[in-house]
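> With the hints as your guide, set chain V onto chain R.
Quick mapping for you: the protein sequence lines, in order, are chains R and V. Residues 0 to 431 in numbering that gives the first Met the number 0 are what the first sequence spells out, letter by letter. Residues 0 to 356 in numbering that gives the first Met the number 0 are what the second sequence spells out, letter by letter.
Any given hint might turn out to be false.
[To be verified] Chain V residues, not near chain R, derived (Cβ > 12 angstroms throughout):
1. 27
2. 44
3. 144
4. 145
5. 162
6. 235
7. 342
8. 344
[As the list claims (entries may be wrong)] Calculated pairs, BS3-like style, for lysine-lysine (alpha carbon to alpha carbon, straight line, at most 30 angstroms):
9. 50/V with 188/V
10. 301/V with 188/V
11. 161/R with 188/V
12. 279/V with 292/V
13. 199/R with 188/V
14. 279/V with 301/V
15. 199/R with 206/V
16. 50/V with 279/V
17. 50/V with 70/V
These are calculated hints, taken from the structure and not from any lab test. We put the CB at the ideal spot given by N, CA and C, even for glycine.
This is what each chain is made of:
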Amino acid sequence: MANALDPHAAIATTASGAPDGPLRTADGKPLARALARSQARAKRRAFWLVLPLLAFILLTFAIPIGQMLQRSFYNAGFSDNMPQLSQWFAENPRGTDPDEAAWTALAQDLQASAEARTIGTVGTRINYDVPGTRSLFTSTGRQVRRGVEPPYQAALLEIDEKWGEPRLWSAMREASNPVTTNFYLASVDRTRNDQGEIVKVPERQQIYGTLFARTFWLSLLITATTFILGFPIAHLLATLPMRKSNLLMILVLLPFWTSLLVRTTSWMVLLQQQGVINDILVWLGLIGNSQRLQMIYNQTGTIIAMTHILLPFMVLPLYSVMRTINPSYVRAARSLGATSWTAFRRVYFPQTLPGLGAGALLVFILAVGYYITPALVGGSSGQLISNMIAMHMTDTLNWSMAAALASLLLGAVLILYWLYDKLVGIDNLKLG
Amino acid sequence: MRSILLLTTTLAVTTYAASAQEVNVVSWGGAYEVSQVEAYNKPFTAETGIKVNMIAADNPATPLKAQFEAKNITGDVFDIEVSDAIRLCDEGALLEIDPADLPAAPDGTPAAEDFIDGALLDCAVANIFWGTVIAFDTTKFEGNAPSTAADFFDIETYPGKRGLPKNPKRTLYLALIADGVAPDEIYDKLSTDEGVEQALAKLDTIKDEIVWWEAGAQPVQLLADGEVTMATGYNGRFFDAMVAEGRPFEIIWDGQYMDMDMFVIAKDSPNPEEAMEYLKFATDTQRLADQAKYIAYGPSRKSSAALVGMYQDGKTEMGPHMPTNPEHMSTAVMDDPEFWADHDAELSERFNAWLAG
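Bound conformation, chain R alone (with noise of 0.2 angstroms):
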C-alpha cells in the first residue's frame, strides 16, 4: 500500500521512528519531493482539463478586452500614415516653429496619404483633438493629390489657412507618439493647451467626471434599495417551510428569466405619465389629472427599474446565506435575555455577512457598467457613463475614448473590490 503517491505513507514513517532528519515515505525518498511530484502530476492532469475554458476565455475575452483596452493609450492612425512628418516632430522639441522642412514634410506626407487613401484615418484622428479638422485633411488631401509645388508652406496655407494654426500643429505633435495619454485625460474632463500643458477643459463640455459621481452614486444608491427590500425576502425565504418558500422563490426567479427589455418597457407602461400607475393614482383621487407624476425619463426611473431588475442578485446569495444560519442561535441569544432587536442586530445579522457581501459586489458591480435600461428610462438626468461609452462606441466611432472611459470604469471596480477584500476579506464572499 505504502508508495509515493500515499500521503498517508509519510505518517506512517514519522510514527515508527527516525525522530532526526527531514521526513522520508516509506520507500525513503524526502517526503516534500514525493510530495511535490505526486502534486505536479495532479496539477498537470487538472491542467489539461481546464485548458479548452482557459484557451476559450483567452481567444474570446482576454485578447479582444486587452485589445480593446490598448486603443486607450496606443492610436497608430496619425503616426503610421505621416513618417516624415513624425519623424519631424521627433528631432525637433516642442516650442520649434514648423520651418519649410516641417511643411515639406507635411505636404509630402499629405500627397502619400490622399493617394494611399489613408487621409481620412489621418484626419479622424486628429479630429478627436481638434474638432473640425477632419475635412481639412481630406479636402486638402483631394487637392494636393493632383500636385502641390514648393514652396510648401505657402502652397497649404494657399489651400487652407487652417494649416497655420498652433492648436492643430500642437495637436499633431501630439499625435506623431501613437502612446498617448491624452484619451485618459479627456476622460477626466482635462486637456492639451498650445504649449502642451494639461488644463480642464472649458466648463460646457466638462461631463465625464459628473457622470462618472452619478453613476457610482446611482449604483450604491441601487445597491442600498436592493439590500432593503431583498433582506425581509431572503429571510422570509429561508424561513418559510418549503413548500411556500418554493413558490415565492418562483416569484422571484420569474422575473430574472424574463427579458431584460420586457421588464424595462414594463416599467415604462406603468410609470409614465399616462400610465397605469398615474392612472390609478388619478382615479382614486389622490391627485390631480394636471399633476400626474413624472416617474420615468429621469434619474427616478433608473433607480426603480435597474433595483427591480437587480433586486434577484442581492436576494439569491442572501438566502443561500440565512438557509444555513441554526435559527437556534437567536433562540439562545432570546433566552439569555436579549431584546429580538439586539439578538438580530448581534447574533443574525452579522452571520448574514458573507450573502450580504457578495450581494451587494454584484449589484454593484453590475449597476456600474448598466447601460440599456439607463438608456431607455433614464431621460437626460439618468445617464450613466456607459451610455456615454456606447456613444463612443457606435456613434462617434472613438473606440480610443471608449477604452479610456472603461478602463477607468474597470479601475475604479478593481480598486473597490480591493478595498472590499482588505475590509471585510474574499473569503467571506459566499454567492450561494
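Chain V only, in chain R's frame:
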C-alpha cells in the same frame, strides 16, 4: 446535410446565373427591399432581360467594406448611407459616377440639374430621401393645431410633453429653425460656439417637458400612449401609424431634416456594365416615382414628384406624404455628412454636458 444541399444549390444557381446576364444588388431588406423589387427590379428584368439578385444586409456598407478589404467583390450595386458613401469613396472602394451618364428628365432637363441638391456625389447617386419630422396628436389640439417648428417650442399655446431624439444631430437644427435661423445657415451657425449656445438656450426653454427617445419606434409609441403631444421622428414610421394603423397623427413638415440613401457601384464589381445599366434604370424619373407607391420615402429627382401616385391601398394620395414634396422642401435642412464627421464628437460632448447639467 442541409448545408451541403444549400451549398450545392447556391453553386448551381450561381453558375447558372453567371452564364446569363445578371446584377447583384445589396440593400436593406424588409419593406424597403420590397419597394425596390416592385419598382426597379421587375420592370428592369422585363425590359433588359438582366436578372437582378437582391441580397439583404443589416447595413450594406458592412459587406461592401468587407469585400473591399478581402479584395473579393461579389456585389455590384449597394444601397448605403451618405456618410458611408463619402468615406468609402475617399478610401477608393467605389466607382466614380459621371452625372452626364444618367438619363435626363422626360422634359430634357439634364440629370445634374434634375436631381435635388446633394443627391449626386462623386461616387454615389441618391435614390430616396427620408425626413425627420414633427408629428402631433390631433385629438390634443382640436381647433388650434400647431403648424411650425416654432410651435414645437411653444408650450403655453400647445401644452404637453415633447418627444426628441437623444442626440445633437437631430435636435440642435430644430431649435435653430424654431429660433428663426434660415435652413441654409444652420451649419454655419453650428460651427460657432454662439450658434451652439443659441440652440441649447432654445432647447432649455422646453427642457423639462422633453421625453428623450433612442429608437425609431419610440416616438410613435410615445404619441400613441399620450405620453407626449408632439414628437419628432422618421416620416415613414409616422406614415405607417397614420395610414396603416389609422392613428390620429398629423405631420408638420416645417423644419424637416432630410437624409438620403445612395446607390453606389463597387470598384472591380463582377458585372460593371449591368450594374451601371441598373443604376441608370433605377434612378430614372418614372422608377423613382413608382417606388413611392410602396413606401413613404421621397424620390431624389425633382421631375419624379409630379408622377407620384397612390399608395398601394389605392386610396391614399402619396404626394402630400413625401418628404420631397416641393411644399415640404422650402424649410428642409439637408444632412451634411462632412460637417458631422468633423463635429459629431465635439457636439455630442457639449450636448451630453448640457443634458446632464
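> If you check each hint against the structure, which ones fail?
5, 7, 8, 9
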